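Asks: Let the hints inform the model, and build the full structure from the sequences given.
Below are the chains, spelled out letter by letter.
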Amino acid sequence: MEAEQLLSGLRQSALDRIAAAASLDDLEPLRVEVLGRNGALAGVSKDFKKLTPEDRARIGKLLNEVKQAVESAFEARKAGFETAALNARLDAEWLDLTLPASGVRPGALHPVTRIQREIEELFVSLGFTVLDGPEVETEVNNFDALNIPPTHPARDMQDTFWLEGGNLLRTHTSPVQVRGMRKLGPPLRMIAPGRVFRNEEVDASHEHTFYQLEGMMIDRDVSVTNLIYFMKTLLSSIFKREVTVRLRPGYFPFVEPGFELDIQCLICGGPGCPVCKHSGWVELLPCGLVHPNVLQMSGIDPKEWNGFAFGLGLTRLAMMRYQIDDIRQLQGGDLRFLNQFTA
Amino acid sequence: MKFSYQWISSLVDGLGNVVEPRELMRLITMKTAECEGLEEAGALLANATPAEVLVVEPIEGSHNRKAVVRTIAYGEKTVVCGAANCRVGLWTMYAPIGIKKISGVESDGMLASGRELGINRDHEGILELSKPELGLQPDWVIEVDNKSLTHRPDLWGHYGMAREVSAITGKPLRDPVDMALLPAASAEPVKRVAIGDFTLCPRYSGLVFENVTVQPSPLWLQYRLEAAGLNPINNIVDVTNYVLAELAQPMHAFDADKLRGDTIFVRNAGNGEKIVALNKEEYELDDTNLVIADAGGAIAIAGVIGGDESAIGDGTTRIVLESACFNATSVRKTAAKIKNRTDASMRFEKSQDPENTVRGLARAVALLQEVSPGIRLVGGLIDSYQPLPKVAPIVLSTEWVQRKLGHPVAAAEIKRILEALQFGVSNGEQPGEFIVEVPSWRATKDISLREDLVEEIGRMIGYGEMTPTAPLVPSVVPPANPTREFHHHLRDLVAAQGYTEAYNYSFLSDETIAEFGLAAQQPIRVLNPIASDQAYLRTSLVPRIVNNIRENRKHFETFRLFEIGHEIHRNTEGLPTETPHLAAAFFAKDGDGSAGLFELKRLASCIVPGIEVRPCDALPYEHPARAAELFADGTRVGRLFELHPSMVEAGRAAILDLDLAAAETLSHGRKIQYKPLRRFPTSAFDLSVVTGERTLVGEIEAGLRAYATANVTAIEFQRQYSGPPLAAGQKSVSYRITVGAADRTLSSAEVSAVRDAIIEGMRSRGYELRV
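In order, the protein sequences belong to chains B and V.
FYI, in numbering that gives the first Met the number 0 the residues of the first sequence are 0 to 342.
FYI, in numbering that gives the first Met the number 0 the residues of the second sequence are 0 to 770.
To be clear, the hints were calculated from the coordinates, so they are not data collected in a lab.
There may be inaccurate statements among the hints.
Stated by the list, open to error - For lysine-lysine, the following DSSO-like pairs were computed, each having C-alpha atoms within a straight-line distance of at most 30 Å:
1. B/Lys302 / V/Lys414
2. B/Lys49 / B/Lys77
3. B/Lys231 / V/Lys730
4. B/Lys276 / V/Lys30
5. B/Lys302 / V/Lys257
6. V/Lys146 / V/Lys257
7. B/Lys302 / V/Lys389
8. B/Lys231 / V/Lys257
9. B/Lys302 / V/Lys444
10. B/Lys276 / V/Lys257
11. B/Lys276 / V/Lys414
These numbers come from a predicted model, not from an experiment.
Replies: Dropping the structure here:
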């Protein structure tokens, strides 16, 4: 019975001490003292050989019970200390995540870049290639090859920057049509965004430097209704809603027939407002079927091929999209303006 | 171009009360030409009534007077009137505009001037009527965009627009011209015409009149001219302007008694020949300008403006009426040269119809008989004419028109539309095929191809009637544009690094070229700049970027910006070379400037991997000790520098200027080749090189690489240090060198051999090594 009393005492004192431990540091010596190789419980088992087999079985069972009880109390207490320590550490690591992020904030892309890319992506998805042309052009590419001979009054319509050496700053992106036709030949689906120049005074609504996007499709049978289809698709995509368009006659020497395309005013929806000058419509892009002379001059047989062409004012579109009221902002390089277009 | 609704209505039967002005404007916009505005003319006429002045009394202390008038519509009224010509017995116009106290007297309505009524521009006094009726109603003026009439000589007159309106509405067109009024063909003209070059003047027609009375035109005629935006002058000039506005035929009246000789010459001006025009300006001409001349010299600048000497005056009793057709280009150039674009020249430069000259004269005869009673024709028709080459009839098939429009249109409809526009239409050989004759007023340049006829048919059907249709074409992947994709990628990359994209002009000024020392690059000159800052094309993006820095510095302490644009460089022949460049700038008010330079160096290496910086001689706008060229694979790709401190106030600006053509080639040339991961451990050792403070780290590293064997896998810069215990002017640069082999672990002896070789090599270059 001694052994039983001893074990029961050991058990009680060990559980009491575990409960009373103040820290992980108090706990470890206790483990060594009670559960260790030379600990109290090990001492009890050393005396086993003195016991009768019956006692041995009974005491052995009891010894295991006590050992398990102490171990489990020890582990639980230890886990408690560790959890508390982790919680204390985590709490001490409180961080104000509303502080500003470190590093540099992203810059912005120019509003014209943004709108131009949207349109490029749309047309590439429709099977159009994107072409580039130089800003300095020959008189031939800018005028003659577009059915604008030297005597044509249309040359008066565009105030051209002339350069020494006889070249000029392109007055429209249309010369890229000529380059595209010569380089790629028919069938052809292309767009050409870029910088163009007109020699005029700058004010809130006029610039000598602005951006256009030229488009052209040449195939066996391209019709006016195909043109209307593409223009509607284009504009619905740009404005992210169904738009109502109207096509009316317009005169441009490089197309025949030529059109002006208007969209129903997105501000008032038709009844008229200051934005549409009370007409209900906003003039957006000139377009038409490519003039046979233009095809011919670029080496394409107009009896076999025909097509449409259009010119979109990217600057104007960007101004509409972002409601920019002064065109000079676009070339002004003022970060107070430009930084508003951060992605 | 201004069109009077009443005038058009007078030429299209049954239009007046059926198609309202606003609807007419919409129809013209949708089917013919863009209308820009609609304005009411003569609004006061709606309620105005003739009135006789019964009593005129002075008002004390005022220049105004009190008048009692008897009006036809409203009985007797008392009004206050300031006009000097307000006198008892005068018939004038009264307008009921309400009761207002003027000069202390209640004025019930007003007596109106010609200008107030919209009849003419006279505001000297109130309108004077010759009889107690006026018969004018308010009109509407439709303004059509001149640009949309560029190709339509016929639409520069009301009759041409009436023809369109007739075709649009299906209402009959009424021709105001009565050719029977011209003299009999047998009558001998009293003047001869000598045309020097029929290409410059295909036709010159004229009539001579006597017993002319020069006086104001009747008010209805003045009202019409006023609506069309033309200033009434006198009956003779007004008739010429009336025909101009109605038939698009410019005319000119000479005082016959002031002409010398009996031949009218149409010839080139002599170089330096001078003429004083109707506007009293003296113009000096040259032999590219066409003039009308008599035996004594030039009497008009052909198609542009008449001469002052032979102008109609109050005493004129005999006139020569000119109705001619001049070459469009010649007139355009002359008007541009003398900087006077007149109503006549604007029409001639659209290529007018030579058939129209005699129609204009016939119309003028009718009008002159009305405005100058007793006027008489003298002699026969003066007419010198060499017809232009005829436009061949156009063969047009219905099937082809349908394909072009993508819209089913019946053959009968095509015929109806073309005939409504007065084309001659006859059946061709095939069913549904037509032979189309182009009328003379459309044949001067507008219409010669079947495509031109598609436009006529399409616009008259109305494009709104057509259903948008996707084309049936093969689906193909479009050819790529790697350059554009590269630039797009760069924009995204650079913006993500904190740089904001700016767009700058392609121009440089003289001052900028001097300031940045760009003269040696010989920028291409603009021949006709409007402003001095557009004088040259940019050979560098840097000057405009520096301008961006200077402007934004006023608002921000630190900022980053960039531009992608073309440098434009002169070639001896052909087009210039346009090189895309990226210019990026970092500005900071504080700091020693190194942060910006190293940030931009990092940016450059993001764009062109393996970029190498080689310090170089600075350009005039660069900091002389902080300028470098950038190389990759031995190719020069750009510059990195700090802006010269004298170029920017209170702060430092670092600038990166990259040649994107070179950068693109390098980034495309880069092939990525996978290497298996190392299976054997590497080992590393550190080396410090002690050297002079201004020795380039890049040179030290190049030295280390030169002595590194194949087993060296990495040479990494650790830090540089100067200060004690190093001697003044010395620095220590530390590297970690990693060695390893693909097939085994290197022995310590092998590692030592690598290390010793590097140390020995570096020492042989004169470096001191700390190991």
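Asks: It remains to establish, for every hint, whether it holds in the given structure.
Replies: Here's how the hints hold up against the structure:
1. Only pairs whose Cα atoms come within 30 Å are accepted, and lysine 302 of chain B paired with lysine 414 of chain V is accepted, the gap being roughly 23 Å.
2. The straight-line distance between the Cα atoms of lysine 49 of chain B and lysine 77 of chain B is roughly 35 Å, outside the 30 Å bound, and the hint therefore fails.
3. Between lysine 231 of chain B and lysine 730 of chain V, the direct Cα distance comes to roughly 69 Å. Violation of the 30 Å bound is thereby established for this hinted pair.
4. The hinted pair formed by lysine 276 of chain B and lysine 30 of chain V meets the criterion: a straight-line CA distance of about 20 Å does not exceed 30 Å.
5. The suggested pairing of lysine 302 of chain B with lysine 257 of chain V is violated, with an alpha-carbon distance near 58 Å, which exceeds 30 Å.
6. For the suggested pair lysine 146 of chain V and lysine 257 of chain V, the alpha carbons sit about 39 Å apart, so the restraint of at most 30 Å is broken.
7. Proposed proximity of lysine 302 of chain B and lysine 389 of chain V is supported: the alpha carbons are some 24 Å apart, at most 30 Å.
8. With a C-alpha separation of about 63 Å, the suggested pair lysine 231 of chain B and lysine 257 of chain V falls outside the 30 Å cut-off, and the hint is violated.
9. A C-alpha spacing of about 22 Å is found between lysine 302 of chain B and lysine 444 of chain V, which places the hinted pair at or below 30 Å, so the restraint holds.
10. A threshold of 30 Å between alpha carbons decides the hint, and for lysine 276 of chain B with lysine 257 of chain V the separation of about 51 Å lies outside it, so the pair is violated.
11. For the proposed pair lysine 276 of chain B and lysine 414 of chain V, the alpha carbon gap of about 38 Å is over 30 Å, so the pair is violated.
Violated hints for the displayed structure, listed by number in ascending order: 2, 3, 5, 6, 8, 10, 11.
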